[in-house]
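Going down the list, the sequences are from chains A and B.
Take the first sequence: its position 308, counting from 1, is numbered 308 in UniProt numbering, and each next residue is one higher.
Take the second sequence: its position 391, counting from 1, is numbered 391 in UniProt numbering, and each next residue is one higher.
No lab work stands behind these hints: they were computed from the structure.
Heads up, the beta-carbon is just placed ideally off N, CA and C, and yes, glycines get one too.
Watch out, some of these pointers could steer you wrong.
Stretch by stretch, here's where chain A covers chain B in the computed footprint (C-beta under 8 Å, at least three residues) [said to hold, decoys possible]:
1. 44-50
2. 179-192
3. 199-209
4. 243-250
In case you want the letters, here they are:
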Amino acid sequence: MVSYIFRRILATMPVMAIVALFVFSLLYIAPGDPAAVIAGDQASPADVERIRQALGLNRPFLVQFGSWVWRILHGDLGTSIFTNLPVGSLIAQRIEPTLSLMVITLVLTLLIAVPLGVVAAWKAGTWLDRTIMAFAVFGFSLPVFVVGYVLAYVFALHLEWLPVQGYTPLAEGFWPWLVNLILPAVALGCVYIALIARITRAAMLEVLQQDYIRTARAKGLGQNSILFVHALKNAAVPIVTVIGIGIALLIGGAVVTESVFAIPGLGRLTIDAILRRDYPVIQGIVLLFSFLYVLVNLMVDVTYTLVDPRIRY
Amino acid sequence: MLVSRRSLLRAAAAAPALALPGVLRAQSQTTLRFVPVIDLAFVDPIYATAQVTRNHGFMVYDTLYGINSALEVSPQMLSGHVVSNDQRQWDLTLRDGLFWHDGERVLARDCVASIRRWAARDGFGAELIAATDELSAPDDRTVRFRLKRPFPLLPQALGKAAVHAPFMMPERLASLDPFKPITEVVGSGPFRFVANERAQGVQNVYARFERYQSRQEGKSDWTAGPKIVHYDRVIWTTMPDAGTAAAALQTGEQDWQETAPHDLLPVLNATGDITTRVLDPRGYTCMLRVNHLQPPFDNPAIRRALLGAINQADFMTAVAGSDPAYQFSPIGFFAPGTPMANDVGLDVFRGPRDMAKVRADLKAAGYNGEKVVLLVPTNSAAQKPLGNVAADMLRKAGMNVEFTALDFAVVLQRQQKKDPIGQGGWNAAVGNWQGIDWLNPAANTNLRGEANAAGWYTSERMAALRSQWLAAPTLAEQQRACRDVQALAFQEIPYFPIGQYKQPTAYRKSITGILDGTAVFWNVRPA
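Whole structure, please, built from the sequences with the hints as guidance.
Written out as structure tokens, the structure reads:
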């Protein structure tokens with residue numbers, strides 16, 4: 001297992017190299033000029049060109065790429081064009097809110113979606129199953145920002161139970177941290193809950209047809225034991241797969257959620273960097289997310305071995 | 001009824017959480033919470049052109065002259081000035097007791113360096129330096145201009161509040177390249193920038209500068225008069241979504257939102273806790289910029305023919321809604337309600353539009369169906385609706401419009417191109433400016449006639465009129481020159497003015513003292 005993990009991590013390097021080349025090239029050829037953004041609407045071409053030169057943006061592609069790769073290999077993600085701050089420190093400032101939001105959303109999703117899917121499968125064909133699936137369709141259909149606004153209106157503006165915006169670092173207290181994340185996590189989690197619930201239901205339905213489940217019933221095992229010990233464990237592989245794939249949904253959804261709830265996370269940093277064409281920041285974040293996603297896939301593969309002892313690497 | 005220990009512990013644990021939103025909402029007597037219109041990306045107001053950076057500048061820097069809401073200029077950092085009989089020497093004297101945030105005294109040579117750095121980026125400043133033989137600091141408190149010719153508008157130049165405002169900095173910072181950003185924020189303004197609490201894209205914090213020496217005489221009015229600070233701290237929180245910011249204002253999580261969206265004004269006004277108000281009656285003046293280098297708008301007759309199609313009220317309704325309190329038309333080339341604004345040529349915008357006549361006039365002027373590439377930034381709250389109306393108007397006028405939807409960064413880049421549209425060029429683009437950017441021929445960069453800005457408007461006559469205005473010794477003569485400027489502008493059409501809208505601010509009734517003008521933070525205090 002350890003050597004498998006080691007080989008997988010080594011295998012990320014060519015992947016990261018391709019991602020790096022791809023994202024750098026894409027930004028280089030994409031329209032938009034950070035110098036023009038900095039200089040503003042009333043700038044003369046001479047002003048814009050002076051700023052471009054000062055930023056080193058007029059150097060040839062290979063020179064810029066080579067310089068960037070050299071810095072990456074030395075652990076330096078570069079410096080933001082706009083803030084003059086190291087990209088690494090910008091990311092470090094903003095990573096906690098995004099990770100916090102993703103973790104809370106993931107925990108909430110698993111606590112809600114998996115039991116819903118199990119119950120829906122257990123009561124397949126009944127009003128309960130149809131109601132749960134209807135909620136799942138609803139969850140898929142509503143955009144994150146719509147859910148976010150509705151939640152903010154009801155729970156923050158109208159009932160005044162929760163804050164409408166902002167983020168409190170965990171270091172300043174668990175409850176303040178959690179309170180700020182409840183509404184965003186519910187908004188972000190809706191699609192994820194819908195997805196996981198449906199996949200859980202489908203996987204459970206297949207497993208509940210199996211002979212060993214009939215044997216378990218015949219043995220007199222209780223319903224809870226059958227569902228959550230025998231059936232769920234065997235249905236876990238596709239569920240874990242979709243959870244892993246869904247991390248990408250969370251990353252994308254976090255961008256919108258962070259904007260709606262004014263959470264100072266990586267999603268907002270990404271959007272701001274894209275709108276301004278802050279190339280070093282965009283490149284650094286894309287590399288980070290790519291690496292994180294590769295790691296998530298690795299964790300999913302490792303998790304398979306925990307839920308299904310037949311899977312070994 | 002017995003209460004179990006477990007339930008009691010649960011309730012006790014939940015109580016702080018229930019109280020937390022209230023804590024977050026509680027108004028502070030010492031800290032003001034503000035939501036700026038956009039994030040403060042740059043802290044150097046000479047390098048960056050964003051209005052938010054200019055507002056930041058007024059927090060931490062000071063200017064030699066201030067300007068009040070009636071656009072009257074008066075000494076601010078100065079105790080006064082002395083002008084020679086031939087009007088060619090100005091001696092500006094700094095007030096006593098001015099200090100930088102790092103504890104050093106403000107010296108005249110700091111101001112000399114600051115003026116030079118500012119003038120390298122600002123049109124009005126460039127005019128002043130062009131008229132200057134020597135700018136020097138003969139002693140620690142005197143800034144001396146020895147001029148080539150009289151420059152009666154020197155105080156107006158050094159007191160302007162529009163971007164780029166002439167902020168004073170320590171010489172060691174002001175000596176840096178104006179095309180590279182300063183990252184160390186040291187000014188002499190009423191607030192210090194708390195750099196170690198800055199979270200880029202999220203939050204900027206200012207603390208009262210204890211050694212600030214405010215003017216004592218006069219009335220606090222915009223950037224003129226005393227600057228008395230009542231809050232120990234001001235926190236700017238960036239919120240990308242204006243609706244969220246408005247909600248935060250309603251719940252009391254924020255005290256002041258710089259720009260309240262027009263469509264949310266009824267909601268904000270209905271709460272009873274919030275005041276909405278237009279601070280700057282000059283508002284935002286909007287334009288349809290055209291490319292003078294490429295057909296069809298390289299033809300002045302075509303430009304003139306299109307004037308009849310413009311319904312400024314339509315443009316402004318698209319941005320600000322139909323409430324007449326928030327829009328004004330017709331406007332010319334200077335912001336309405338300002339000293340240089342006049343009525344010359346405005347009749348062309350009055351009365352119903354006759355599109356059939358416009359089509360005929362365009363044809364007579366030589367328009368043959370050439371494509372018009374209209375650049376529209378989709379991520380600009382104001383410019384997107386302006387672009388929609390412009391496209392509709394041009395099509396109704398019979399023009400062959402290619403609506404090119406781009407994000408703002410790409411629009412800025414593409415506007416810099418002079419190539420034909422087949423090689424990635426453009427013909428028209430919308431824009432909105434603060435009204436104070438259109439105060440006079442020196443401030444309005446789009447009127448210079450020196451092909452200095454996108455559109456590449458060139459006119460020796462306009463440049464001559466601007467020089468005439470700069471040399472005009474009295475207000476009456478300046479206004480006469482601006483009437484001539486506007487008359488010429490309606491002949492040559494550097495751009496199409498398409499109306500003025502006013503942008504309200506919104507703040508909780510628990511604060512008071514917000515001054516007219518742009519968002520400034522002295523005089524603001526708990527109610």
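request  = Quick one: see if chain A covers the stretch 179-192 of chain B, three-plus residues with Cβ-Cβ under 8 Å.
outcome  = holds (count 4)
Chain A over the stretch 243-250 of chain B, status - at least 3 residues with CB closer than 8 Å = Holds, because 6 residues of the stretch 243-250 of chain B bring their Cβ atoms closer than 8 Å to Cβ atoms of chain A.
ask   = With a cut-off of 8 Å between beta carbons, are at least three residues of the stretch 44-50 of chain B near chain A?
value = holds (count 4)
8 Å C-beta test of the stretch 199-209 of chain B against chain A, three or more residues = With 5 residues closer than 8 Å to chain A, the stretch 199-209 of chain B meets the three-residue bar; holds.
Checked against the numbered hints given earlier, this structure breaks none of them.
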